[in-house]
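Q: Can you make the complete structure from the sequences, with help from the hints?
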Amino acid sequence: MSVLVILEERNGKISRTSWEAAAAAQQLAGTNPVIAAVLGAQTESLAAEAAAKPFAKVIRVEHALLAPYTPDAFTAALRQLIQKESPTHIVFPHTYQVRDYAPALATRMGQVLLGDVIAIEDGPVFTRQLMQGRLNGEYKHTGSGPCFVSVQAGAFRGSDDAGPQQTKAQIELFRPSLDPAQIRTKPGEPFRGSAQTVDLGSAQLIVSVGRGIREAENLPLVEELAKALGAELAASRPICDNGWLPMERQVGSSGQSVAPKLYLAVGISGAIQHLVGMKGSQCIVAINKDPDAPIFEVADYGIVGDLFEVVPALTEAIKAAR
Amino acid sequence: MKIIVAIKQVPERDAPLRIASDAKGIEERELQWAMNEPDAYALEEALQLKEKHGGEVVIVSAGPERVGATIREALAKGADRGIHIVADDLAARDALGVAQLLAAAVKPESPDLVLTGLQSEDLGLGQTGVILAELLNLPHASLILQVEISSADSPQAQIKAKRELEEGWFQSIEMPTPAVLTIQSGGNKLRYATLMGIKRAKTKELRTLDATSLGAAAAPVAVLDKITLPQKKKSTQIIPGAAKEAAATLVEKLKSEARVL
Ligand SMILES: Cc1cc2nc3c(=O)[nH]c(=O)nc-3n(C[C@H](O)[C@H](O)[C@H](O)COP(=O)(O)OP(=O)(O)OC[C@H]3O[C@@H](n4cnc5c(N)ncnc54)[C@H](O)[C@@H]3O)c2cc1C
Ligand SMILES: Nc1ncnc2c1ncn2[C@@H]1O[C@H](COP(=O)(O)O)[C@@H](O)[C@H]1O
Chain A
0 MSVLVILEER
10 NGKISRTSWE
20 AAAAAQQLAG
30 TNPVIAAVLG
40 AQTESLAAEA
50 AAKPFAKVIR
60 VEHALLAPYT
70 PDAFTAALRQ
80 LIQKESPTHI
90 VFPHTYQVRD
100 YAPALATRMG
110 QVLLGDVIAI
120 EDGPVFTRQL
130 MQGRLNGEYK
140 HTGSGPCFVS
150 VQAGAFRGSD
160 DAGPQQTKAQ
170 IELFRPSLDP
180 AQIRTKPGEP
190 FRGSAQTVDL
200 GSAQLIVSVG
210 RGIREAENLP
220 LVEELAKALG
230 AELAASRPIC
240 DNGWLPMERQ
250 VGSSGQSVAP
260 KLYLAVGISG
270 AIQHLVGMKG
280 SQCIVAINKD
290 PDAPIFEVAD
300 YGIVGDLFEV
310 VPALTEAIKA
320 AR
Chain B
0 MKIIVAIKQV
10 PERDAPLRIA
20 SDAKGIEERE
30 LQWAMNEPDA
40 YALEEALQLK
50 EKHGGEVVIV
60 SAGPERVGAT
70 IREALAKGAD
80 RGIHIVADDL
90 AARDALGVAQ
100 LLAAAVKPES
110 PDLVLTGLQS
120 EDLGLGQTGV
130 ILAELLNLPH
140 ASLILQVEIS
150 SADSPQAQIK
160 AKRELEEGWF
170 QSIEMPTPAV
180 LTIQSGGNKL
190 RYATLMGIKR
200 AKTKELRTLD
210 ATSLGAAAAP
220 VAVLDKITLP
230 QKKKSTQIIP
240 GAAKEAAATL
250 VEKLKSEARV
260 L
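So the sequences go chain by chain: A and B.
Using numbering that gives the first Met the number 0, read the first sequence as starting at 0 and increasing by one per residue.
Using numbering that gives the first Met the number 0, read the second sequence as starting at 0 and increasing by one per residue.
Note that these hints are calculated values from the structure, not bench results.
Relax, there's no trap hidden among the hints.
As a list, the in silico SDA-like pairs of lysine to any residue whose alpha-carbon atoms are at most 25 Å apart: (1) A:K185 - B:Q155; (2) B:K232 - A:N135; (3) B:K254 - A:A319; (4) B:K188 - A:T196.
A: This is how it looks when you write it as structure tokens:
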């Protein structure tokens, strides 16, 4: 067995989720070697950062056409690398970028990506969430080709701390052969959405509302609760998708990350994309009618019940206590 | 232009879930079914493009007989015709196996644009659209919120798509047609089917294709072995009692135990 882990860059450094993928790769490999790869047009500093970790080696996959990212260039380059190194497993962080090319890469090699994995057990058995986190599915990889796995943010404990290792991993340069004609999409520069006027990131108290509220007309119910608490109002994605609240109030992977003292989730199921934006809160309270809702996996306190009864009662209780 | 929208039928969101006795699926008997939400946004985008540029919107969906109702729903909202790939064995296929079925149905249509949802609400693979692009050998972009087409009538039609990035960032991606885009929810406001639309849908073409006629399924590579209930990692204090009582207890605990109020 040999495991290849693909590390991603973020703001000039190797991203946190990449270190988590490296931890998953290490767990999968056991005592077998783990090789790391960084991709880009200039990968020297990233490779140096990776080399401080106990990898068997670090490969710089470098080509002018690898920046900016395109699925075509990444797919072609990684296929060449995988053919050369022939790892048995390839591990990725499950980022938006990986979602965009890894399924195509696996397909091109006659394989299927085991995506968004949250645990790896002996076998190996790969666990991923089903039904928006309400169930888990245990998957096995059959077939003879390499096994492609991407791991969910936060599921494995990774760190950029190099630990006690003294010697640095050896760095190799790999130049894939890429042709501009292979690249069919033209990416533009990243830009921000509308101006941010609320800073949920520094809020101490947050009341967050999800689809359990049913209709925009019911929003005053949670607005009153937020007012009684002196809290900011936030929401899950569907509330913003529907235009009931502006997108700047969305918490989660595509919205804001928050870490208040108190996060009160009302009628939110607790899908992973929501959880990554609020798990770091000091105290999490969930109000949900479904006792099995995944939000209760991260909540400190929960009330299982109908929000249309619980929320007004809570507003009253807070007013009374103040 | 001809736009194909891949739509998956999934269990209704709040449906109570029971794991089937073989632990390989969920009990389907009492389930209600609905259109996968991102697919509804893909359909909306397709309908708006058709309103702007003319052409045809074709729905393709693979699944058992019940899937017909979801295709009719899309026809009622304004799609022109539907292709139902009748397959009772979807659970035995992996993402590649399902995408192969869709590719076999899509290819002879020679569409200008194929839209899928970003991710299904049941399996949550988030892969089928990207695999489909690879199988059809077409350029793709994922996590798309909005699509603009320039010179739609010419063979040089270009796509400009707004792609979502993490943490509130976006980028725009350009590519030629034909192409595959996977649509993220929230880019548009969804329309409802009108009574007239529902009536019209009954007369629209809904062709069935037998999955077995589209080629044998390859042995799956990613095999779902067992479904389990997630184990709680954190112990949540569930506060008992009727609403009023529970609310009072919670406030008390937030003040004196958690000390966050
Ligand atoms: C790439 C990607 C990015 C995403 N980014 C984000 C993001 O940034 N933020 C985000 O939030 N989501 C994001 N999502 C969507 C996410 O996967 C979920 O679909 C979403 O978080 C669900 O929102 P919800 O919990 O409000 O709705 P649902 O999942 O529909 O949950 C509603 C909950 O309300 C409960 N409920 C219903 N009625 C009542 C009642 N009367 N009383 C009490 N409880 C009730 C139900 O039991 C249920 O648990 C993203 C998805 C993808 C694929
Ligand atoms: N059986 C199916 N029939 C039609 N479209 C499908 C099917 N399965 C998946 N899709 C499409 O692929 C998208 C992504 O699904 P998934 O890869 O399962 O997350 C869905 O949103 C649909 O657009």
